[in-house]
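> Position chain C against the provided structure of chain H, taking the given hints into account.
For the protein sequence lines, the chains are H and C, in the order given.
Take the first sequence: its position 240, counting from 1, is numbered 240 in the numbering used here, and each next residue is one higher.
Offset between the second sequence (1-based) and the numbering used here: plus 1000.
Derived by calculation from the structure, the hints in this document are not laboratory data.
Note that this is a predicted model, so its numbers are computed, not measured.
Careful: at least some of the hints might be erroneous.
Stated by the list, open to error - Derived DSSO-like pairs: lysine-lysine, alpha-carbon spacing no greater than 30 Å straight-line:
| hint | chain 1 | residue 1 | chain 2 | residue 2 |
| --- | --- | --- | --- | --- |
| 1 | H | LYS68 | H | LYS231 |
| 2 | H | LYS208 | C | LYS1208 |
| 3 | C | LYS1226 | H | LYS262 |
| 4 | C | LYS1231 | H | LYS262 |
| 5 | C | LYS1180 | C | LYS1068 |
| 6 | C | LYS1042 | H | LYS231 |
| 7 | C | LYS1030 | H | LYS226 |
| 8 | C | LYS1208 | H | LYS249 |
| 9 | C | LYS1226 | H | LYS208 |
| 10 | H | LYS226 | H | LYS262 |
| 11 | H | LYS157 | H | LYS30 |
| 12 | H | LYS262 | H | LYS249 |
Chain by chain, the residues:
2 protein chains.
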Amino acid sequence: MEIGYLGPAGSFSHMAAYLYSQNSRLVPLKTFTDIIQGVEEKEIDEGILPIENSTEGAVTQVMDSLMKTRISTIRGEVILKIEHCILSDASSVEEIRHIYSHHQAIQQCRDFFNINYPHISLHSCDSSSSACMVVKEMGNQYGAIANTYAAKIHKLKILKCGIQDNNFNQTRFIIIGGRKTIVTGNDKTSIVFSFHNDYPGSLYLVLKAFADRGINLTRIESRPAKTEMGKYVFYIDFIGHKDNEMVMKVFEDISIYVNYFKVLGSYPIGITYE
Amino acid sequence: MEIGYLGPAGSFSHMAAYLYSQNSRLVPLKTFTDIIQGVEEKEIDEGILPIENSTEGAVTQVMDSLMKTRISTIRGEVILKIEHCILSDASSVEEIRHIYSHHQAIQQCRDFFNINYPHISLHSCDSSSSACMVVKEMGNQYGAIANTYAAKIHKLKILKCGIQDNNFNQTRFIIIGGRKTIVTGNDKTSIVFSFHNDYPGSLYLVLKAFADRGINLTRIESRPAKTEMGKYVFYIDFIGHKDNEMVMKVFEDISIYVNYFKVLGSYPIGITYE
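Same shape as in the complex, but just chain H (with noise of 0.2 Å):
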């Protein structure tokens, strides 16, 4: 089977598709959209996609594409423990002068920099996995913020790891693909829709037939609709499986008030990597 990733290798979706399925060819791709048209043209069995991270909030681009995909639908999840390392042919910390990283990387770990090693410079690059190659080429001076599967792939020596300032950093991903899935009993379904009376407040009336089955929710999101402002599209997540008959009822009992609505996919509950 082949799961399409936001590459290059060692990036950390390439390490949640490796938690995900040693079995698979993983194969990097260049964009979100690239990994989901590779999908929905069946180029790929199946994509990962990151959907939200603990510190930054949701992946916007990625909620707004899943609105639109014909035959894919969420098949699996996986949280990641986002952990970030220094990379180096450096022996120690002390010997490096400049750290190359993708930004979100470099923001997530400023203050560690700032009060432990404010002579080192930090630079921007277009991700952790180019940062590796980077450093590879210019040597001992040089390091990169990126996770232990960059230091095998990349052949670098982890020198210090947990650098980011704030410790509680993780990020959900999606597996999407064209196949259906089973009830396994311990599942979790993924829902967007938007109101016939668009005002956030019908919100409540779904909520509401969700809270009388006794259907416990683990995710509420808005997006705009892209028509003008204060109109939105809500995303629901809910333990459950599309296919449990209390689960049908709630479908049936909020059709009545949404004038758009979409099965994003049921899955089995992901496991969290440490």
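Coordinates of chain C only, in the frame set by chain H:
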């Protein structure tokens, strides 16, 4: 009075600040943090900040910052139609070979150029205002994507307007300040809260309290609590002033469910500038 905005002069924030108050001194500042700190430390009277865009959604950095203010509350809002124009010293678009603007603005007009002027190269720079400065210096083969207000400030011709690919493009700005607002009878209130029992289904009870008192909501957003995956903070905007009796009753109703609660401000419903 002095109002801080995200500069340089000619930005959409500048335009919004001008529409909000023609008689104030408008102070360009470098970051959102500078604006908020300026108000908190009483160096400026008020600050204007983008809070949501009809295409891109919440301005999460601003939302997260509002939780941390001590003295400043929201005291006004302005909704601005984002209309991108081609500004240049050239007399027609046909003369232009290079277009400069902020990355976001270029993204929002990409299809327009691909279809109508595929030979023009598009270049990113710091802001649409700094793009105007580049264009002013470089001459007739150069153009900027910016607003009509920037044309005035940088003395450039407006060659074409409304070139954004999605015509429904509005940004809502809020005005923060240290002074209290009075009830006008046409007000809105913004609150933020999180729950004891930290699962999103608790939101149902809060929405019910508003529905039971007949108070209309205009916006619901969730943001990560930044502690672990699945813990959220909720933002709600609703019609009414915090000093209205019915609103005070709702606050009492929901006080038993929330473990964190902050009124971000009550303010007159804003004008939409087309």
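> Each hint: holds or not?
Hint check:
no.	hint	verdict
1	H:LYS68 x H:LYS231	18 Å, holds
2	H:LYS208 x C:LYS1208	8 Å, holds
3	C:LYS1226 x H:LYS262	29 Å, holds
4	C:LYS1231 x H:LYS262	24 Å, holds
5	C:LYS1180 x C:LYS1068	18 Å, holds
6	C:LYS1042 x H:LYS231	35 Å, violated
7	C:LYS1030 x H:LYS226	29 Å, holds
8	C:LYS1208 x H:LYS249	21 Å, holds
9	C:LYS1226 x H:LYS208	27 Å, holds
10	H:LYS226 x H:LYS262	17 Å, holds
11	H:LYS157 x H:LYS30	27 Å, holds
12	H:LYS262 x H:LYS249	15 Å, holds
The structure shown violates just one earlier hint, number 6.
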